[in-house]
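Residue numbers (the numbering used here), protein chains in the order written: chain D, 1 to 344; chain H, 1 to 344; chain P, 1 to 344; chain B, 1 to 344.
Think of the hints as simulated: they come from the structure by calculation, not from any bench.
Given that identical chains are not distinguished, each listed pair holds provided it fits within a single copy or across any two copies.
Straight-line alpha carbon distances no greater than 35 Å define the calculated DSBU-like cross-link-like pairs of lysine-lysine that follow:
#1 K185 to K203
#2 K185 to K113
#3 K85 to K185
Here the structure is a predicted model, which is why all the values come from computation and not from measurement.
Now for the letters of each chain:
4 protein chains.
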Amino acid sequence: MEVGIVGSTGYGGVELNRILSNHPGIEKCILYSSSLDGDDYTEQYPHLIDLTNESVRSIQFDEMKQLDVVFLAVPAGISKNLTPKLLGGKAKIIDLSGDLRLQGPEEYEQWYKAEAADVSILGEAVYGLTECNREAIKGADLIANPGCFPTATLLALAPVMQGHLIRPGSVIVDAKTGLSGAGRKPSLSSHYSETQENLRIYKVHEHQHTPEIEQQLNCWAHEPAPITFTTHLIPMTRGIMTTIYADLLEERTTEEIHEEYLRYYHESPFVRLRPIGQYPSTKEVWGSNFCDIGMKVDQRTGKLTIVSVIDNLMKGAAGQAVQNMNIMFGLEETTGLQYYPIYP
Amino acid sequence: MEVGIVGSTGYGGVELNRILSNHPGIEKCILYSSSLDGDDYTEQYPHLIDLTNESVRSIQFDEMKQLDVVFLAVPAGISKNLTPKLLGGKAKIIDLSGDLRLQGPEEYEQWYKAEAADVSILGEAVYGLTECNREAIKGADLIANPGCFPTATLLALAPVMQGHLIRPGSVIVDAKTGLSGAGRKPSLSSHYSETQENLRIYKVHEHQHTPEIEQQLNCWAHEPAPITFTTHLIPMTRGIMTTIYADLLEERTTEEIHEEYLRYYHESPFVRLRPIGQYPSTKEVWGSNFCDIGMKVDQRTGKLTIVSVIDNLMKGAAGQAVQNMNIMFGLEETTGLQYYPIYP
Amino acid sequence: MEVGIVGSTGYGGVELNRILSNHPGIEKCILYSSSLDGDDYTEQYPHLIDLTNESVRSIQFDEMKQLDVVFLAVPAGISKNLTPKLLGGKAKIIDLSGDLRLQGPEEYEQWYKAEAADVSILGEAVYGLTECNREAIKGADLIANPGCFPTATLLALAPVMQGHLIRPGSVIVDAKTGLSGAGRKPSLSSHYSETQENLRIYKVHEHQHTPEIEQQLNCWAHEPAPITFTTHLIPMTRGIMTTIYADLLEERTTEEIHEEYLRYYHESPFVRLRPIGQYPSTKEVWGSNFCDIGMKVDQRTGKLTIVSVIDNLMKGAAGQAVQNMNIMFGLEETTGLQYYPIYP
Amino acid sequence: MEVGIVGSTGYGGVELNRILSNHPGIEKCILYSSSLDGDDYTEQYPHLIDLTNESVRSIQFDEMKQLDVVFLAVPAGISKNLTPKLLGGKAKIIDLSGDLRLQGPEEYEQWYKAEAADVSILGEAVYGLTECNREAIKGADLIANPGCFPTATLLALAPVMQGHLIRPGSVIVDAKTGLSGAGRKPSLSSHYSETQENLRIYKVHEHQHTPEIEQQLNCWAHEPAPITFTTHLIPMTRGIMTTIYADLLEERTTEEIHEEYLRYYHESPFVRLRPIGQYPSTKEVWGSNFCDIGMKVDQRTGKLTIVSVIDNLMKGAAGQAVQNMNIMFGLEETTGLQYYPIYP
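Please put together the full structure from these sequences, using the hints given.
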C-alpha cells in the first residue's frame, strides 16, 4: 500500500509516521504539510535523522487521491475543507480531527465554535471506535477517527452501557491527560515552567469531546445519556486516564461486572482487562495501542467506578487510525501495531 | 513559646521545622525522633546546613510535657501510644497523624486495620479543620489535625453541605495528590522510574481518609452522607487537587453558589475563591497555606463541580497545624504563615 | 523604602515581587510593565490573588526617578535604553539584564549580536556579585546584577582563582539549568512535550554569559583566563548547577582547597560549603538565596572539580538583586532573604 | 534460537524481554530470576499482561547450558559466580554486569570494592563495544557487555583517540544519566520526592565505570590516558548524555573532526552523526538503540567538546547486548532492533 499523511509535522503525524514506517503492509509513506513545503523532515524532527530521507511535500490533491489511504492528522477546522477534495478518488480517508465525528452540524457549531462540515460528508463518515464498530469500518471509505478522551471513555463504558447495567445520565467522567494531547504549538499552557510540578483542570463542562461521547452513549442507551465531563492536565507527556463513576441500575458485584467486560472484549486484542483488585496506570500502555481497564463496585454507595488508560498518541490517535486501516484492508487488526508498552 | 516536633525527620516534620524556625512567636524548637537519636539533623537534610545546629533527640516525655506545644508528625499507629504519655502536662498537643481523627474506634479499626486509640483520648481530641472549627480549637488541649485529602475535600464542601444545597449521598470525590504525601520511606510505588511519566489510581474506595470525610459530612448534613472516594498519584512532589461532583438539591446558577462560598469564607484568610470561570491549579498554592477553590454548575446535568487545591505539606499538614497553634495561643491566624506561593 | 519593578510580569519580576512584598524595609512596591498597562496583576499570576491589588502600570520615568530603587527585570536590549532616562534622579538602579555587565561594548556586540549600551553608562555600573564586590556595591547608584550562570560559576571559582591555585585558561564549565531561566515566553524549546524526559545541550561555546565570566576571571587572574563553557537544559523548573574542572598549579589535597573556601566565605551568609565528601544538589537551595559549593581534587589527574548550585531566580537573579539593595542602603545583607530552602 | 534471561525482573531484564519477544530470530525466551521463583511475570510487570504467560523460573544451570544464548542481567557481584557454571555448554553468554569487563582483577577490586572474577574467565571475555570490536565479537563465546557510561563515552571518543587527534590524559567526561540506570530497587536516592525537580552529582571521581573507560582509552592511545569522570542524576527516567572535553593535539576545524567521525562510523547503522552546529538530545534516541553524536572545536581554547547520547537501557544495556548476539550468530546487526526513537 501507498499512504499519505497530511499534517505530518504534528505529534499525531509523526506518530503515524513511526508506525507506518515499520508496517509490513506499507510500501510508501508520503509526508504532506500545509505549512512546511520542501523542508527536510529531520529539521523538524532530528530524532528521525538517517531514518528517513523524505521531504515534506505541499498538499497535492490529484496525487493524494491515487494513494490507498490518506491520513488527515490536521487540527479541527481543516480536514472538513480537505475531505471533499479527496473523496471520489481511489484513496480511503482516515480523519484524525474532530471535524467528522458529530453527526449533527449544530452540535459541532455549538461545541467547536466554528462552521461544521457539509452534511453529506458527515453522513458518509464512519465512526472509527474499532472495538465497537468493526463491521461498519470494514466497508468504509471515510473514517472519523475518535478523539483521545472519547476512546478511553467509550471503551470503558461500552460493556455496561450496552448491557444496560448503569443508569444513563448518571455518568461522570473525570479525565486526565498528558501534555502531548495539546499538540506541538507552543503556548503558555504548555510552557514547561507553568506545567511541571503543576496539576490543572481545564474546560470544565465545556470540552468539545463531550458531544462525541454523548452521541455514542445515547445510541447505546437508546435514550439521552448526558455526562458530566471534566479534563485535567497532568505533568507528563503521554497518557490518558479516565476515572468514570456511574450508578448501577441494580445491585451487582465487581465479579459480575468484570465478567461482562471479559465477555465483551473477548476478541479484542487491544483491550486488556485487569484482574479484580488491580487497576491500570498510564505508563503500562506507554507507546502501545492498548486500552487497559479496571473497575470496582462501591457497595456502600451503589456506584461503579471504572478506570481506563491509553496512550493518547497511539490508541487515542495514530494507533487506532492504523488499526482501522488494517480492518478496512482486510489485514489482521494487530498488523504493525504489536508494540509492547515501554517500561519504565 | 517553646515547641517540640516528634517525627522531625519525616516530610511533615521538616516542613514544620521550616515554618516554626521563622515563626515570630517561637523561641525554641526541639527536634525529636524515635529512630534517629543524636544525629545531626543536616545529615538527613543537607538543605538545612548552616541553618540549624540542632541534633535530633530521642523522645523524653518529661521534657516534652514542659513545652508549650508538641507536634506529633509521626505515622498513624504511633501517636496513639505517645499521646497518653504527654497529656496532663503543660504542653498542648497537635497530632498530625490519623490516630485521633475518628470518633468511633470501630471505624478506625475497619479502615486503618489496626487497634484504635483509647476512647477517652478520642473524646478529648478536637478536629482541627481550622476554618470550620475555630471556636473549639481555641480552647483545645489536643488537636487531631486533619488529613490532607479531608482538608481539601471538606473546605470545598463546607459551604454547600452546611447550606444544604447538595444532596448528601451524591458526593463523588476524585482526588489527586503528589508523591510527598507518601512520605519519605522508599518503596516501589514511590520509586522514581515507576512514577515519572506515570499516572496511577490507588486505594479505590478504600482510602482511610474516607471515614474522616464522612464523619464531618454526616455532621453537617444531619444525615448519612457516604461518598465515593478515589485517589490518584500525580507525577509531582507537592500538591493536592480534589475534583468533587454532587447533585444540586434545587436548580442554582454558578453565581448563586459562588456567592455562598464568598459569604462562608469571608473571614478566612487562607481560603481564596477564584472568580467565576477560573479554576485553581496546584502550583498556585505551592509552598503556601492557601486552599484555593473554584466551582461550576453543569446546567445540563444539574450537578455541581467543585475544585480545590492545597499544598499537601502546608495546608494539608504542617501549615494547618501551625494555624491551629496560632488560634490556640491567641495569635493572629496568619502569624508565621504569610508565605506567598512560589511560582514558577 | 519605595521601590519599583520594571518587567514585573516576567519570572524575574514576579520573584522580586515575592521577596519585596515580605521585605521589612519596603513600604511600597510598584509594578511596571512595558507591555501590559492597566492589567490586573493576578490575571497574569493567579497565585497572587487576594495578596495584591496592584495594577501593572506603564512606565513613567518621572515617577520612577522619585523612588528609592528601580529594579529593571527586563530582557537584554531594553534596559540599556531605560537606564539613561532614569539616571540622575533619586532612584538607585539595579539592572538584572545583561546590558550593563560587560565593560567592553565590542564584547557585548560580539556575544549579544546587538548594539551595546553607551560607554558612559557602562562605566558607572558596578558589577553586583555581592560576595566579591561588597565595598563597591555600597556606594553604587547603578548595579549590573550578575547573570545566573556567572553567579554560580564565579562564586565557585573566586577562592581558587583569586588565590592563584589553578591555572588560568584551564577552566572548563559544564553548566546545567532548569527551564525557568528561559523566561516566560513560550517557544518550542520550552514546550513541555519537547522538554520533559529530555536532556539537551545548547549554545555550545556560544553562550552570552561567557565574556561576563571571563571578564571577572581575567581580573582575578591578572592574565587572560578563557574558559570552555557549555550549557545544558535540565527537565526541571528551578536550579542551576555548574560542574567546573580546572588544573591545579601545584599539588594540593582536597582538605587544603576546602580550607581556602572556608576562609574566603567566612563572612558570607549566603555561601554554604559542604563538608568534604559531600556535594550540593539543586533542590537543597530551592526557593532560597544560597549558593552551595562542594569540591574535590582528583589526585590521579591533578584536576580540581568544583560543584556549585543556586536557585537561578533567587541568587541567580531576584535574590541577589535584593541582597545588593540591602547593602546599598546599609541594611543587613540577609534582610528579607531569610528563606529556608523548600524541601522536598 | 532459544535464549534465557537471568535477572529478568530488573529493568535490564525487562528491556531484553521487550526486544527478544519481537526478535525474528528468537523462538523461545525463558525468564530466570534468583529471587522470584514461580511468580507470574505480570505480577512484577503488569504492562505485559496478555503478552506473556511466562512464569519466572529459578536458575537451572543444566537447562541454561542447552540454550543458544544466556543473558546475565544481574548486578555486579553475581555474574562472576554464575558464569563459571555456564561455560562449556552450548550456550553463549552475554553478561550485562560489570564483573567481566576489567582485565585486571586488582582494578576491579579497587573500584568495585569486592573480589574479582577468576582470571581465566576474564581472559575469555570479549568486550562487547560493538562498533569498535566487531571481529572479536563474531567469534566470542562470552561477552562482557559494556556499561552505559562507557558506551556513550567510548563511542564519542573512539575516532579521535584512535586517530590520535586529542591528548591522552586531557579528557574530562561530564556524564549525566536518568534514574533507570539505578535499577529497580527502591532507595532514598531514587525516591521520587528527593529526585524530582532536583539535579545531583554523585560518585565524583569515584564511579566504577572509570577504569572500564580508561582500559579502552589506554589501549587506543598506546599510553596511559586517565580521565576525570563525574556523573550526575537527571530528573528523568531514561537517557544518558556525556559531554566530553579534550585538548586537541594540533589545531583542527570542526569540519575536519566531523569528517573523521563520518569516516569512522560509515558502516555503523546505530551511530548517527549530527550535522555541524547541531547536537543530540536524549529524547531523540528514546527507546532506540542509537548513539547520536555531535561535536565542536572551541577555537578560543583549543579544546574539543563532544556530546553523545544513548538510551541507557537500550544501547547502554539490552540493545547492545542483542546487537552483539546478532553478530555472534551471523545475523544482520540491526535485526530486531529497528526501533524508531519515540517522540515526544
